[in-house]
Amino acid sequence: DVKVTQSSRYLVKRTGEKVFLECVQDMDHENMFWYRQDPGLGLRLIYFSYDVKMKEKGDIPEGYSVSREKKERFSLILESASTNQTSMYLCATSPGGDSNQPQHFGDGTRLSIL
Amino acid sequence: AQKITQTQPGMFVQEKEAVTLDCTYDTSDQSYGLFWYKQPSSGEMIFLIYQGSYDEQNATEGRYSLNFQKARKSANLVISASQLGDSAMYFCAMREGPYSGAGSYQLTFGKGTKLSVIP
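In order, the protein sequence lines correspond to chains A and B. The opening position of the first sequence corresponds to residue 115 in the numbering used here, with each subsequent residue numbered one higher. The opening position of the second sequence corresponds to residue 4 in the numbering used here, with each subsequent residue numbered one higher.
What the hints contain is simulated information worked out from the structure, not anything from laboratory work. Hints may contain errors.
What the hints assert, rightly or not - Calculated lysine to aspartate or glutamate pairs in the EDC-like style (CA-CA distance at most 16 Å, straight line): (1) Lys117/A <-> Asp89/B; (2) Lys117/B <-> Asp173/A; (3) Lys114/B <-> Asp152/A; (4) Lys117/B <-> Asp89/B; (5) Lys114/B <-> Asp173/A; (6) Lys6/B <-> Asp173/A.
Claimed, not checked - Derived contacts from chain B toward chain A, CB cut-off under 10 Å, selection only: (7) Thr27; (8) Tyr40; (9) Ser45; (10) Met48; (11) Ile49; (12) Arg66; (13) Tyr67; (14) Gln86; (15) Gly88; (16) Ala91; (17) Gly100; (18) Phe112.
For every residue, glycine included, the Cβ atom is placed at its ideal position computed from N, Cα and C.
Isolated chain A (complex conformation) (with noise of 0.2 Å):
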């Protein structure tokens, strides 16, 4: 089975801060994202990447940074954290190639801003 672990599933944080949110998978998988999800909103996809050192953006990359320095670990940046940034982050994972693969996602991190 894949595993997709996301370094919390519960963060607080305060505005102007550096937050990391961190995304680990075990399946060798070439693909990996980051998606936000909102009431009411669905998941809207933030970056991804499709292999080390690359990355893609999404439909809302801003104030949001990531970094893929080795194909098992992707990591998403808010580079000065607001209010509006308050919300559930998922990571995902896929295999390259046949892109009719599901993605596979971790637990979820609830990230508050105060």
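Chain A is fixed; fit chain B onto it per the hints.
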């Protein structure tokens, strides 16, 4: 325009009955794929079923089936014999474009339908 539309914010179904969750999509690509995910209150996203645009048969996975009507651009999820554990949020998602290449791996999600199963 929204690419994925789920028109039912919430639905109720009696235990052991079947239920259909609606999903319509908008794309000009010939090649695309449709996914359904379940999210229980605990938060994890669980993949349920997949339908490719070129698949001639409707996808089935156990109690889940996908009613795929290409001309209507709809991909409704049917859950047969509902169970209490089926109570969750359900999301429809779409992949567009060719089967390979960086852009083809992105999914666009709908806003979800909250299903409640009544004993």
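Now the hints, each set against the structure:
For the suggested pair Lys117/A and Asp89/B, the alpha carbons sit about 23 Å apart, so the restraint of at most 16 Å is broken. Distance check on the hinted pair: Lys117/B and Asp173/A sit about 24 Å apart at the alpha-carbon level, beyond 16 Å; violated. A hinted pair counts as satisfied when its Cα atoms are at most 16 Å apart, and Lys114/B with Asp152/A qualifies at roughly 9 Å. Restraint check for Lys117/B and Asp89/B: the C-alpha separation of about 10 Å stays at or below 16 Å, so the hint holds.
This hinted pair checks out: Lys114/B and Asp173/A have alpha carbons roughly 15 Å apart, not beyond 16 Å. Using a Cα cut-off of 16 Å, the hinted pair Lys6/B and Asp173/A holds, with the two alpha carbons roughly 13 Å apart. Given hint, Thr27/B at the interface with chain A, is violated; its Cβ is 14 Å from that chain's nearest Cβ, farther than 10 Å. A cut of 10 Å between beta carbons decides the hint on Tyr40/B: the least distance to chain A is about 8 Å, and the hint holds.
At its closest, the beta carbon of Ser45/B sits 8 Å from a beta carbon of chain A; the interface hint therefore holds under the 10 Å criterion. Taking 10 Å as the C-beta contact cut-off toward chain A, the hint placing Met48/B at the interface holds, the least distance being around 4 Å. At a threshold of 10 Å, the smallest CB-CB gap from Ile49/B to chain A is about 8 Å, leaving the interface hint in force. The beta carbon of Arg66/B comes no nearer than 18 Å to any beta carbon in chain A, farther than 10 Å, and the hint placing it at the interface is violated.
Here the hint on Tyr67/B is broken, as its CB sits about 13 Å from the closest CB of chain A, past 10 Å. The interface hint given for Gln86/B is broken, as the beta carbon of that residue sits about 22 Å from the closest beta carbon of chain A, more than 10 Å. Because the beta carbon of Gly88/B sits about 18 Å from the nearest beta carbon in chain A, more than 10 Å, this interface hint is broken. Among the interface hints, the one on Ala91/B is violated; its C-beta lies about 14 Å from the nearest C-beta in chain A, farther than the 10 Å criterion.
Taking 10 Å as the C-beta cut-off, the interface hint given for Gly100/B holds, the closest approach to chain A being about 8 Å. At about 4 Å, the closest approach between the beta carbon of Phe112/B and any beta carbon in chain A falls short of 10 Å, and the interface hint on this residue holds.
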